[in-house]
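A.B. asks: Produce the entire structure from the sequences given, and follow the hints as far as they go.
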Amino acid sequence: MNVNKKEVSERAGGSLLDDPIPKHEISKGQKILKPSKLVKKIEKVVDWGKREAVVDDKLKDFKTHIANLYHNTTLREAIRKRAELYKREQHCFTLVESKSSLEQFARQYTIDGVGGYGPMDFLQTVKRTVINFLLTQKNIKMVLVLRCNMSKTNIATGETVIKLAYFTSFVEIVFQETDREELYQKCVDKMMESLAKFQIEGSGWFLHSIAGLDLHTVKYTPLKGSSFIKLPPHLAKKKAITNMKNEDDECFKWCVTRALNPVQNHAEHVTKVFREQAKKLVWDGIKFPMELKNIHRFETLNPSLAVNVYMHEGGLEPLALEFNQSPWLKQYIDFNTQKRTQAKNAFEKDFFKLMNNSVFGKTMENLRKRVDVRLITDKNKLLKLASRPTFVSSKIFNENLVAVHKIKETLTLNRPAYIGMCILDLSKTLMYNFHYVYIKQKYGNKAKLLFTDTDSLTYEIEADDVYKDFQKDRHMFDNSDYPENSPYFYKKNKKVIGKMKDEAAGVPVVEFIGLRSKMYSYIKNNNQGSRTAKGVKKNVIKKDIKHENYKDVLFNSKQMHHKMKTIRSNEHEICSYELNKVSLSCFDDKRYILKDGINSYAYGHYNLV
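Number 609 marks the last residue of the sequence shown (full-length UniProt numbering); no jumps.
In short, the hints are calculated from the structure, not lab data. C-beta: ideal position from N, C-alpha, C; glycine also.
Label-pair ranges, simulated between beta-carbon atoms:
(1) Asn400 <-> Thr429: 51 to 59 Å
(2) Phe323 <-> Lys362: 13 to 21 Å
(3) Ser517 <-> Lys369: 21 to 29 Å
(4) Val263 <-> Lys369: 39 to 47 Å
(5) Leu608 <-> Lys558: 21 to 29 Å
(6) Lys362 <-> Gly498: 15 to 23 Å
(7) Gln124 <-> Thr390: 29 to 37 Å
(8) Thr429 <-> Lys330: 15 to 23 Å
(9) Phe587 <-> Asp372: 38 to 46 Å
(10) Gln185 <-> Lys440: 55 to 63 Å
(11) Phe397 <-> Asp425: 41 to 49 Å
20 Å max Cα-Cα, derived DMTMM-like pairs, lysine to aspartate or glutamate:
(12) Lys440 <-> Asp473
(13) Lys287 <-> Asp249
(14) Lys534 <-> Glu578
(15) Lys138 <-> Asp214
(16) Lys138 <-> Glu181
(17) Lys99 <-> Asp112
C.D. replies: Below you can see the structure in the form of structure tokens.
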């Protein structure tokens, strides 16, 4: 076969391999060349072409051409895509039941993912499978969960981490007349929106592959229509409201009859005796439900009765809020501070500090994030909870246990959020005043801020004797931890709120290594010091991580891993795990690191423009 090489290379539209696969019928019994086998044959030819033994120059040139052709990235990628496409076309997605509980009142179905699919491709491919299944279902609540493997690559080390992420749809109700196509599209839109939001806000996480799709269902029995609504407990306890449990629209008749014939128990029931009592009143010409204009007619027919009707006329009035300003937390805070001052061991110090900190945290608690989770072992109880509009989702633990996630039905916003806001404002004011008004004005460029935390600052200060400098302004400092024989010891400000304190207790720090946020170490001239590494067990920091490790990581631009053991609960099964975590790392993605690998700028610094 003669092929014009020029015609192939100059062919309009690019490579021949970029064209779609032509559709043609294949007769039975005829063998077809599958892409996966084609790749193996090409690799075999390439291996043959790489051999050194040749017969003549033409054969040598041909073998070289074959080898170079295979190394062409576009060709290899095209062959890989053809093989992947064939694999996708041959795969048949199936929806299988993976879990069930409480006599199959709650079920979970799963479709496993296959490589080569994007999220939208996958959801569109399995669409018909899911819809066909939903056509066999009615009176259920369902949730779709897209499981994705997300990857994150460390640019400096090239290390890639993969984790499983879940993207959930809204709770949807499936009735006999429900449009399954529209319902499925609503679920897809919500899952894709959650995925996009995760990738935007996920600090470098990208989609790696699709792990699968889960369909969670629970049986649903809609609440029957009725004119009876049970009174809330706080209204029922007043015993001032007549609330009849009738199945018609004659509420006025039954309420008036009950008011004339009170009973102690089950006052809401319309019994046979109760109906006979209602017949003693005259109801001629009165239509139900009762209209306001017909009350006068009822009074005319029953002259011994009078019905009082109350109404409110007027518009909305602005509600003025008043408050009394007082130091209502002062006594509690002062008590804990005093007890911490008198503490004789580390436990007491930490305990009374926690008592103050926990109050601060509670003042800023977001009550809207609270959830109501019930553990259910009875199918009737599950059916009742699933029928409520507050139902969110269910989690199957085993065949006899299901957790039901509900929205809280009542929410009382009783947290004084203004306290937490004021505390943070005052804290930042104290920190900024100390840095800009005191340190920068006193030392200027001779004071270098190494790092700052919520309530702490670490400086490198060039001075003859910084302790003497601070002694002149000792009213600003808490030096109660200094040795009592030290000339700088000052006990008056012990544990006083708002005072700055030397964590090194008067011992000069000779070396400091700051790798990234909440990951630093320093050594004092008495060979003691402190080490921190967020997310690493304290016993690992104490036994396995040394100050030299911080220095090695910084100057050699590397990471360190340490193994640590932990206990976790997964679906109410407690297991012990051994984790191999990144313990120390000099790669700080929150700041711009300069070429020296030590100094850094905050993103947005004017020197970076």
